[in-house]
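Trainee: Take the given structure of chain V and dock chain Y to it, following the hints.
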Amino acid sequence: MSEKEAGFQEIEHTADVEIKVWGDDLYALFIQAAKGMYHLSQIRKVENEQTIRSRSFSVTGMDTESLLVAFLNEVLFYLETERIAFQEFDLEFQGNGRLQAQLEGTIIKELNRDIKAVTFHNLEIQELDTGWQVRIVFDV
Amino acid sequence: MVDLRDLNRIAENEWEIPKSYRDDMNVSVRIIASEELIEEVTRDKSLDQAVNTACLPGLVGNVVVMPDMHQGYGFPIGGVAATRYPDGVISPGAIGYDINCGVRLMSTNMLHDEVKPFLSDLATELHRQCPSGVGVSGHLRLDKDEMRRLLREGSQWAKKEGYATGQDVRRTEEGGRLDGADPDKVSQRALNRGKSQVGTLGSGNHFLEVDLIAKVFDEDAAEVMGLREGNIALQIHTGSRGFGHQVCTDYVQSFQSAVNRYGIKLPDRELVCAPMNTQDGKNYLAAMRCAANFAFTNRQLLAYYSRRAFENVLAGKVDDWHLKQVYDVAHNMGKIETHMIDGEAMKVCVHRKGATRAFPPGSEDLPSEYKRIGQPVLVPGSMGTASWVLKGTAASMERSFGSTCHGAGRTMSRTQAKHEVWGEDLKEDLEREGIHIRAKSMAGLAEEAPLAYKDVDAVVNAVESAGIADKVALLTPLAVVKG
Chain V
1 MSEKEAGFQE IEHTADVEIK VWGDDLYALF IQAAKGMYHL SQIRKVENEQ
51 TIRSRSFSVT GMDTESLLVA FLNEVLFYLE TERIAFQEFD LEFQGNGRLQ
101 AQLEGTIIKE LNRDIKAVTF HNLEIQELDT GWQVRIVFDV
Chain Y
141 MVDLRDLNRI AENEWEIPKS YRDDMNVSVR IIASEELIEE VTRDKSLDQA
191 VNTACLPGLV GNVVVMPDMH QGYGFPIGGV AATRYPDGVI SPGAIGYDIN
241 CGVRLMSTNM LHDEVKPFLS DLATELHRQC PSGVGVSGHL RLDKDEMRRL
291 LREGSQWAKK EGYATGQDVR RTEEGGRLDG ADPDKVSQRA LNRGKSQVGT
341 LGSGNHFLEV DLIAKVFDED AAEVMGLREG NIALQIHTGS RGFGHQVCTD
391 YVQSFQSAVN RYGIKLPDRE LVCAPMNTQD GKNYLAAMRC AANFAFTNRQ
441 LLAYYSRRAF ENVLAGKVDD WHLKQVYDVA HNMGKIETHM IDGEAMKVCV
491 HRKGATRAFP PGSEDLPSEY KRIGQPVLVP GSMGTASWVL KGTAASMERS
541 FGSTCHGAGR TMSRTQAKHE VWGEDLKEDL EREGIHIRAK SMAGLAEEAP
591 LAYKDVDAVV NAVESAGIAD KVALLTPLAV VKG
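Chains as they are written, first to last, in our numbering: chain V, 1 to 140; chain Y, 141 to 623.
Honestly, the hints are just simulated from the structure, not real lab data. The structure presented is a predicted model; accordingly, all values stated were derived computationally and were not measured. The reader is advised that the hints may include incorrect statements.
What the hints assert, rightly or not - List of simulated lysine to aspartate or glutamate pairs, EDC-like, C-alpha gap at most 16 angstroms: (1) Y:Lys335 to Y:Asp408; (2) Y:Lys558 to V:Glu10; (3) Y:Lys422 to Y:Asp319; (4) V:Lys109 to V:Glu47; (5) Y:Lys487 to Y:Asp505; (6) V:Lys45 to V:Glu110; (7) Y:Lys256 to Y:Asp505; (8) Y:Lys580 to V:Glu82; (9) Y:Lys335 to Y:Glu286; (10) Y:Lys464 to Y:Glu484; (11) Y:Lys511 to Y:Asp360; (12) Y:Lys335 to V:Glu82; (13) V:Lys35 to V:Glu74; (14) Y:Lys185 to V:Glu12; (15) Y:Lys558 to V:Glu82.
If we strip away everything but chain V, and leave its shape as in the complex, we get (with noise of 0.2 angstroms):
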């Protein structure tokens, strides 16, 4: 997927800090959102680190807004409790409000900025002839 297509871009804010994410369809802007929660993290790989770790959870929320910060909170949770990054996503969403998520990484060697949480802040998930579009707002 070219970086039109889908991606992530860093925005001004006065306290916290905030990105723009878009994508083709929902599942890429799920991603794309996770990788660009990940640079505001501001994580370093370990070199070479092979092993892989997996991990599945379910969501649930009343529309797709609820659905992206619930999904955000958990890999964010996975992040500082288990310095897990995720780099392969597989998401179903199924209907009745609920997102399955099945995910693979490898433990990163540090974080050097602690997200506190995945917020509502104007958050409207927008669909446009191009693709998905939102902007995310999360507090540190």
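Mentor: Only chain Y this time, still in chain V's reference frame:
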């Protein structure tokens, strides 16, 4: 967006956005500020957020915002809102993600001159003894039962374990323990996040600081608090770490659907709430109290480690190196309190986010030694600038539900601060001024540069003019430890 023209000036230091400004407001918004600061407060979305907050069900009195306000999530930082108990709502966003982020102040009998030769070593030792920084674990490994005890008992637990003196606990807001904390209402996620973080400073704008008591404004109150001009003091600013963040996250998420069940319409999703007499409301209160107790314990442990650091560096070199508790306050909290509303005593939930309780002389909730002077209020400035010690007043009960400001609000984004300030240069500048810095992250340091914050002196002048707190002492930094 709210601008100056929408405000009515109702007193020297108070402005109002009337209820009529927007249809969905239940109460008015009152702004405590000064001529100097009022224009600045219209520059970000704080006032719009205050207006949104005024839409919460069950509000009594006014929503009050402080001169150090800045935009937050749902509720502005620097805000106070009270809801009728038990049928009014409680809103996690009006308390904050960092539940019971707060400040502890400890004083000493040491003069600056006595300690000066050892300051650099003291800074290093504090940095060594007090776990700080992103991803750094605390010294304690508590099993599930011990953790549950800590969450229920807060500073009382710390005292039983030998980390706190009776005076430490007595001179802490709520005695360092909120009753009604129930670990069963806290998620496994929160417990996991908190497990290795007990007794850690964290990062961002959290800090540990050795201060000079530079100037005393109220000799009597300062004497009672143990603050002498020319002496050394210690400040600890931190909160409930990942534990509290997760509690807030969990309830902001579950309340998204709760509001629909209760038929509550809100202009901002971060304001989600539940009436306190519902299971949802009770659950959050019980969980929030666990997080509050976690934070009180957290600051108590850091005080304990700081004492170790002081002893290691100063014992045998100065007469009396001991650190004595002045007070410990929360600035992100929800408390059930009784306030006079239109001449009637009413039980309310006071939400304070980036605002500090400032109870007056005579208040039942103060330790006996402070009943005569009023509650100590601790207002940290930004890194490298001054901090203030104030005391609560009777007027604060009338105007702001017994609350005042909490510190200097941010005015500049972290990205911009990093463009304008190079962490290493800032460290050198501060060191040149005689301030010893121990920081893990230079980029993190730049983000916290003084120029990114409002002027705390202007904020404190405004609250004093408004009568909601009085100046007691000014502290200036000698050594700063940051994660």
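Trainee: Each hint: holds or not?
Mentor: So, going through the hints one by one against the coordinates:
1. Proximity of Y:Lys335 to Y:Asp408 is assessed by CA-CA distance (about 32 angstroms); at most 16 angstroms being required, the pair is judged violated.
2. Taking the CA atoms of Y:Lys558 and V:Glu10, the gap is about 14 angstroms. The hint holds against a cut of 16 angstroms.
3. At most 16 angstroms may separate the alpha-carbon atoms for a hinted pair to count; Y:Lys422 and Y:Asp319 meet this at roughly 13 angstroms.
4. Distance hint between V:Lys109 and V:Glu47 is fulfilled; the C-alpha atoms sit about 9 angstroms from each other, no more than 16 angstroms.
5. Under the criterion of a C-alpha separation no larger than 16 angstroms, the hint pairing Y:Lys487 with Y:Asp505 is consistent with the structure, at around 15 angstroms.
6. Distance hint between V:Lys45 and V:Glu110 is fulfilled; the C-alpha atoms sit about 7 angstroms from each other, no more than 16 angstroms.
7. Only pairs whose Cα atoms come within 16 angstroms are accepted, and Y:Lys256 paired with Y:Asp505 is rejected, the gap being roughly 37 angstroms.
8. For a cut-off of 16 angstroms, the pair hint linking Y:Lys580 to V:Glu82 is broken: about 21 angstroms separates their Cα positions.
9. Taking the CA atoms of Y:Lys335 and Y:Glu286, the gap is near 11 angstroms; set against the 16 angstroms cutoff, the hint holds.
10. Note on Y:Lys464 and Y:Glu484: the hinted pairing is violated, with a Cα-Cα distance of about 39 angstroms set against a maximum of 16 angstroms.
11. With a C-alpha separation of about 13 angstroms, the suggested pairing of Y:Lys511 with Y:Asp360 holds against the 16 angstroms cut-off.
12. For the hint linking Y:Lys335 to V:Glu82, the alpha-carbon distance of about 12 angstroms falls within 16 angstroms, and the restraint holds.
13. This hinted pair checks out: V:Lys35 and V:Glu74 have alpha carbons roughly 13 angstroms apart, not beyond 16 angstroms.
14. Our distance criterion of 16 angstroms between C-alpha atoms is met by Y:Lys185 and V:Glu12, whose separation comes to about 14 angstroms.
15. The suggested pairing of Y:Lys558 with V:Glu82 is violated, with an alpha-carbon distance near 29 angstroms, which exceeds 16 angstroms.
Hints 1, 7, 8, 10 and 15 from the earlier list are contradicted by this structure; the remaining hints agree with it.
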